[in-house]
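Student: Residue strings, one per chain:
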Amino acid sequence: MADPHRASSGTGLDVDAVRADFPVLERQVHGHPLVYLDTAASAQRPRQVIEAMDDYYRRYNANIHRGVHTLSQEATEAFEQARRRVAEFINAPAAGEVVFTRGTTESINLVAQSFARPRLAPGDEVLITHMEHHSNIVPWQILCEQTGAELQVAPINDRGELEVDTMVAMMTEQVRMIGIVHVSNALGTVNPVAKVCHEARQRGIPVLVDGAQATPHMPVDVQALGCDFYCFSGHKMYGPTGIGALWAPLETLVAMPPYQGGGEMISVVSFEGTTYNEPPAKFEAGTPHIAGGIGLGAAVDYLESLGMDNVAASEAQLLDYATESLSAIEGLRIVGTARAKAGVISFTMDGIHPNDIGTIIDHYGVAIRTGHHCAMPAIRLFGLPATARVSLGIYNTRQEIDRLVEALISAARLFA
Amino acid sequence: MSALDSAQSWQDTLIDHSQFPRRHGELEDATHQASGENPLCGDRVHLQLQVDSRGVISDARFAGVGCAVSLASASMLAEHVVGLDVTRAGWLFAAVRGMLTETGEPAPGVPQDLLALQLVRRYPARVKCATLAWHALRYALEDIRQVATTE
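Top to bottom, those sequences are chains C and P. Under my numbering, think of the first position of the first sequence as 1, with each following residue one higher. Under my numbering, think of the first position of the second sequence as 1001, with each following residue one higher.
Read the hints as simulated data drawn from the structure, not as lab findings. Everything numeric in this text was worked out from a predicted model, so none of it was measured. All C-beta atoms, glycine included, are put in the ideal place defined by N, C-alpha and C.
Restraint ranges, calculated between C-beta atoms of paired labels, are given here:
#1 E145/C / T1031/P: 32 to 42 Å
#2 P122/C / T1087/P: 50 to 60 Å
#3 T1149/P / T166/C: 31 to 41 Å
#4 T1149/P / L250/C: 42 to 52 Å
#5 P1124/P / D54/C: 28 to 38 Å
#6 H1024/P / Q202/C: 55 to 65 Å
#7 G1098/P / S42/C: 31 to 41 Å
#8 S1053/P / Q28/C: 51 to 61 Å
#9 T172/C / P1124/P: 40 to 50 Å
#10 T1087/P / P23/C: 52 to 62 Å
#11 S1009/P / V29/C: 16 to 26 Å
#12 A20/C / T1103/P: 42 to 52 Å
If you want a taste of the chain C side facing chain P, the calculated C-beta under 8 Å gives, among others:
#13 D356
#14 H372
#15 A386
#16 L414
Working from the sequences, and respecting the hints, build out all of it.
Tutor: Structure representation (structure tokens):
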């Protein structure tokens, strides 16, 4: 495969060993072993993540950054250790540059409101792409309503690839902010984010990268990408729901006003005024999702024990197999055929609505996503109201793809 | 008929209606009409009725795009409302909605083949597919000039 985005030094995974770490894979659904092909919506969690959270609740549950007692100190240390592990995972220069949030969506809203809003005036522009998830569209629309700025959308081609040259040409003096998805959740496209960031930097335009679908699937290096903000979610990368992160350089975070007010984000409060805490605490008002942070740290440990190069190599092989297998089904059309793709296959089948496909193959124990995948503009661009979507994770096997294919053929037969 | 048999027969009914929709098309002289949309799944249905001077639905047609459940439901609706007066059609809307979302027990008087719609009770995410056309019916009958949704 002569594809730079697939190039990997990894040799793959011992998938049987990986599967043994995921308790949910023992489940039967409608009398069949579960085939979970909806990892892009939410990954399953290995016992290492579940046990790390369980351990916190059972042995050292306490609030953090507050108490002088032993449990609070242990909890603080575990939470901050998780932050260090997350920072290392994305090659952030310092742990203090990682802000814990509720997830990618909150990270993007935080940047839109705290960083971008004070910098925008009527006539300014925010530039995104046609393949964004709603979470990287709507916060910018809200921002544009608030400031009088305009949202501009860089086009994609009929393979679902970003038209990079056009996007670069759209980086005019009016553009004050760029938001771009690293890996499309609806089409699987891997965007040339480093190039976009490089072009934007030359024009002094800050770039936010939505990395929700990238961190589970490939090594991510925020310094090599050259972005200004990187956002991702715990639950897409085998960690807990309700936790995610925002990375930005410390000087950027220092210059940004707080996003929410409350405890933790302050150093001194009086009724005359409040002195804010240093980042990242400045952006973590209120008691955070402590168990979630610890669980995310455990997910990072787990992925690094496998090696992200191996994860990427294994998924690339399975993606090729799945693409070939699905393409062989009569009347099946794959939507999103980018040359650089991660483990996501959106498709339609003649004569069967995606929702019916999803319901029918659930009876064979096969779980996939159907609908617009929270990326309505991208799906509608292909003239479709919805697609069915298979997304791959580290635990998926060729045998599972075979079961998917059998289930799809049975579904097609039902409507024949 | 065992539960399994009825599930099979309900499924056959739904697939038959989705593949061979009855009363599909347009009415040239509709007196009442409404559209329904489920933005989440992209299902859209447009329902047209002709109500005569006695208040009886003398004709009905539907058009739309969507999943098998939404099309089958619209087809069965269009078939069954013809001949009903508007009060009875309103009752049928409430009876079908109740059967799918509330009691689960079909009210006495619901036509036999509409019982097939009960299959979706096993798929909570799909109930709105089955109720979409029925909400459009209510909007058409009450002359509500908005796009009906199931929310």
